[in-house]
Amino acid sequence: MESMAIADRLRAEFPDEFLDTVTHQGQTAVIIRPGRIVAILRWLRDTDDLRLNHLRSLCGVDNVRRKDPRLSRFEVVYNLYSIPLRHEIRIRAEVGDKEPAIDSVVGLWSGANWLERETYDLMGISFNGHPDLRRVLLPEDWKGHPLRKEYPLKGKEEWTGITELLEKIKELDQHGFDPAGHAHGQNQPDEEEP
Amino acid sequence: MTPPLKQTLEIPVADGEAERYSLRMGPQHPATHGVLRVDLELDGETIIECKPQVGYLHRGFEKLAENRTYSQALILTDRLDYIAAMANNVGYCLAVEKLLAISVPLRAQYIRTLVCEMSRLCSHLLWLATHALDIGAMTVFLYCFREREILLDLFEELCGARLTFSYPRIGGVRQDVTSYFIDELQRFLDIFPSRIAEYETLIDTNRIWLKRTVGVGVVSGDQALALGLTGACLRGSGVDYDLRKHQPYDAYDQVEFEVPLGSDGDIYARYRCRMEEMHQSVHIIQQCIDQLPPGPIIGLDAPDLVMPNKVPARIEAGSSTYGTGLIRLIRDRDLYLSGDIYVATEVPKGELGFYFISDGNNRPYRMHIRSPSFIHIGALATIAKGEMLADLIANIGSLDVVLGESDR
Amino acid sequence: MTILLMLVQIIVLFVLVMLHVAYATYFERKIIGHMQVRLGPMQVGWHGLLQPIADGIKSFFKEDIIPEQADRPTFMAAPIICLVAMMTSLAVLPFAKGWVLADINIGLLFIFAMSSLASYGVVLAGWASNSKFSFLGGLRSMAQVISYEIAMGLSLVGVMLMSGSLNLTQIVEAQGNSILGMYLLPQCIGFFVFFISMLAETNRVPFDLPEAETELVSGYCTEYSGMRYAIFFMAEYIGMMVMAAIGTVCFLGGWNGPFAVPFFPPLWFLLKIYLFMFIFIWIRATLPRYRYDQLMDLGWKLLIPLALVNIVVTACLKAMIG
Amino acid sequence: MQIQYKPKRGLLATIFQAEILQGMALTLKRLFSKPITRQYPEEKPQIRTGFRGQHALVRDPKTGKSKCVGCMRCAMVCPSRCIRIRSHKDKEPGSRRVIDDYQIESLRCVYCGYCEEVCPVNAIVLTEFYEYGSYDRRSLYFTMEQLLGNWDRFAAQLDRPVEEYVNPFWRPRGLPEQTLPAPKRLPVSPEWSGEQQVVGRKWRQHHGPEQS
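Residue numbers (numbering that gives the first Met the number 0), protein chains in the order written: chain A, 0 to 193; chain B, 0 to 407; chain C, 0 to 321; chain D, 0 to 211.
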């Protein structure tokens, strides 16, 4: 089925949730409201002539610097593909600015578990009903969500884990561990990066 | 974060309930294929709970790419799956080409298909090597490296690097193939099937290998789909999903090959799938060599390597490094298209997808990488549960994960 | 005077065995290297011939690390228990007629006792290291040794029945009348069981579970370094040699050969041991590793019944023939 | 295509360990084959032309200075931003830009070769020299003198005259000459310049000899 046709079916089935469609290079994205995301994805997965049974990717997008003013602050993008029927569609669920959250789809695809954790970790969108919503790529005590546009490319200070580690090394050094010896290899103090 | 200095081993005490023994495998462990950490709860040697932890190699590629031009971000993909960097490069270029509507000449498409399959061989050889080593057959490891070395030498001949190729270019490839390269490759293809037979002599019907792999790490087809497994892990469970057939890219629709499918979904099925894929790759490379058409290797509308956002008049009038395409684009006043695209390719590990959002800039507004290894590691918890410690190692090897790709 | 002579003999044996251990490691690396189409050690001396000596010196001068939370006395004693037990079993081995330190009546049992003692070293090392991987390695070793000791003991009962003795010299002499001058053919089932148990007893591939590198890092010796680690290593190789010697004595006819060697009677004995060692190495280069439960299955469900069948068959035959 | 498993082994093969013996026969056979490893520091690998190794600034044989004209294209294209160029232009009209310093932080470099490819005058090159590990960072922070020195060292061990050296990234193989800026149109073999391309056997059969 053509992506546009799928989008039309979706509009007919969920008229209240449907907001818009966008097509670029033959790929169609449907922009929807986030409220009934699980129902929509379940419908897409289980309807007989759609059977979009493969969740290709799930990611968050920060739209704050997009030129289009109509877009909401955050979006969660689901790329779906039907392995038996070989068609695809992209679902873009709008997520608000303050405390962005959307329902988790782990119940539909258990593989979404880590994808949602990653989105939470890097974009700060939380997922309601997720079984284990923790950071996955960054340390547990990391501050901020790096893929948000306001997050700087280069931070001012080091991650606390590293500073703690350095302190620990200093503490160990006091127990007779010679810092100028083999612990720091060949690096003499005067050879450090200028 | 750092564990307390004073730490004693809790010897489990029998108290009627299951005795739990927690074991933290990795990130420095010989069999975790990089810096994967797996927190285990064991009952004897049976895994009650398995929690994989990744992120030790996180380099923020998605953030970095937002601050680089499309051609600069290409080199980041080398470092995703550093075992099959060429496949990542090609996947990235395809996505950018589709996003910005850039065409690729036929010869370049064939060359890309060829190097992709070489890359698949490289990756599968390394997978077999480490997988066999994990299960204890260490000679296979070195036999695989013997062949992989030939491939790496060929890559060096082609593009001057052995691991981080940066060989494809948005709109084509960087260098044409030489007759020397083709001859060497042909020689390799002639000997390689006999070398595969050699690996199979060592392990394929070996009773210990069979005991370690048959019926271990079983994933049913539906379960594999739900877990998001792709590549040989999905096909081993009997789901026919290969992007080279489903959404053919480059010259894959011009060559004949078959997609090996398993049915049992265990480690042995995945192993057989990948071994068959190696045979198919040889077949594809042979066809690419035979059908290689003449022509340009980079398209006329390929962007300049520097990818300027604003084009100074000087370049507009004169020539760019490559092609005359840039001049045409400037006349159109539409340097880079805006929109979003998801393009996936079948890399050796599975489905590598790039989701791009372009804002009409020379830099991607957002690049999301769907990395198969990340999802496969996520699935490890489900697969390894209830099996034994030694099976966990076999499972990690069989899922074929690369931490560079998983952590990005 | 006899004590002095004894001492000299012990020292000579010790030195010779140590030299053998050193070069066993060298040949293992070299043979596996060539089987894997690489070169093996090449740097120290001609074709790396001095490598074992360099390794010895290196491990002797390496920093000796004892983990802070380890059980110190046990941690230090464990490798020594291993080595001493293995070395002691050398005493009863007949290298040729009359070339034996202690020709005791229960030689075979003595060797069993000693090799079981050696496994205490491994188990204690795993426990005393206070490390999780070591602990698992120790546990695996314990289970493995217990199960395979039985299979191995039973596999040799056939030999005892046929020769009617536990004294190693007498076992060798009894084989003289057999086919080819060895018990290999009449005791082929026993030999098969013995060979597999031998691999398991010495923790060699495909049964190297206690130190399974890709699973348990280095198993029971994860926390060991320097000389202590080297002692474990030596004990392992002496163990291999002792097992090879038992195999030679019980199944391959000991020092008997096609013809007698005039000045160096143990030649055949040594050649047979070298053959065993080569097969050890060869198997290591070829086979993958069993899983823990599969190893137990193999031991209890295949080897022990087979060994029992062998005993029954041997006993019946012996009763019928004479 | 359904994958095919080998047939299950029979009773005899199980008892006599047939598949294990086959494997052992293979390893025994390989024991006598020629090792493929190389004793690296003594025996150097053969480095192919165009290997992306140590950086160098080409010394112009006529002037004895760098060829760089300070167009900044390399610094612009560098993905890891490890190239720093300081240059100035004299006030007089028609004077050329003078390069004060050209620095490459080789520890940051990813060896993609973009810089040598975009350079319009072939001033920078990644040489085939690959052994330059060092114990301190400073010596890997190449200045202009070091980069020129790198080139001298590389040129000294070339087996042909420096003037004839062409790096495959200066003049990418298979690109038509007219698309390149003038200094990059170096004389190369017809296969290199793309006039004579490797064409597949089947393609030639299908399209006849006149097209290939």
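In short, the hints are calculated from the structure, not lab data. Predicted, not measured: the structure shown is a model, and the values here were computed from it. Yeah, the Cβ is synthetic: ideal placement off N, Cα and C, and Gly gets one too. Wrong hints could be hidden among the right ones.
[Said to hold, decoys possible] Residues on chain B that point at chain C, a partial pick, calculated with CB under 8 Å:
hint	residue
1	Leu22
2	Pro26
3	Ile47
[Unchecked claim] Lysine to aspartate or glutamate pairs mimicking DMTMM-like chemistry, simulated, CA-CA at most 20 Å apart:
hint	chain 1	residue 1	chain 2	residue 2
4	D	Lys43	B	Asp152
5	A	Lys167	A	Glu149
6	B	Lys62	A	Glu1
7	A	Lys167	C	Glu67
8	B	Lys384	B	Asp42
9	D	Lys5	B	Asp252
10	B	Lys210	B	Asp263
11	D	Lys64	D	Asp100
12	A	Lys153	D	Glu163
13	D	Lys33	B	Asp300
14	B	Lys244	A	Glu1
15	A	Lys169	A	Glu157
16	D	Lys61	D	Glu162
17	D	Lys7	B	Glu199
18	A	Lys66	B	Asp358
19	A	Lys169	C	Glu27
20	D	Lys66	D	Glu162
21	D	Lys7	B	Asp265
22	D	Lys201	B	Asp189
23	D	Lys201	B	Asp252
24	D	Lys28	B	Glu18
25	D	Lys66	D	Glu163
26	B	Lys50	B	Glu18
27	C	Lys131	C	Asp54
28	D	Lys33	C	Asp70
>> So, against the hints stated earlier in the document, which numbers end up violated here?
In response: Per hint list: 2, 3, 5, 6, 9, 12, 13, 19, 24, 27 and 28 violated.
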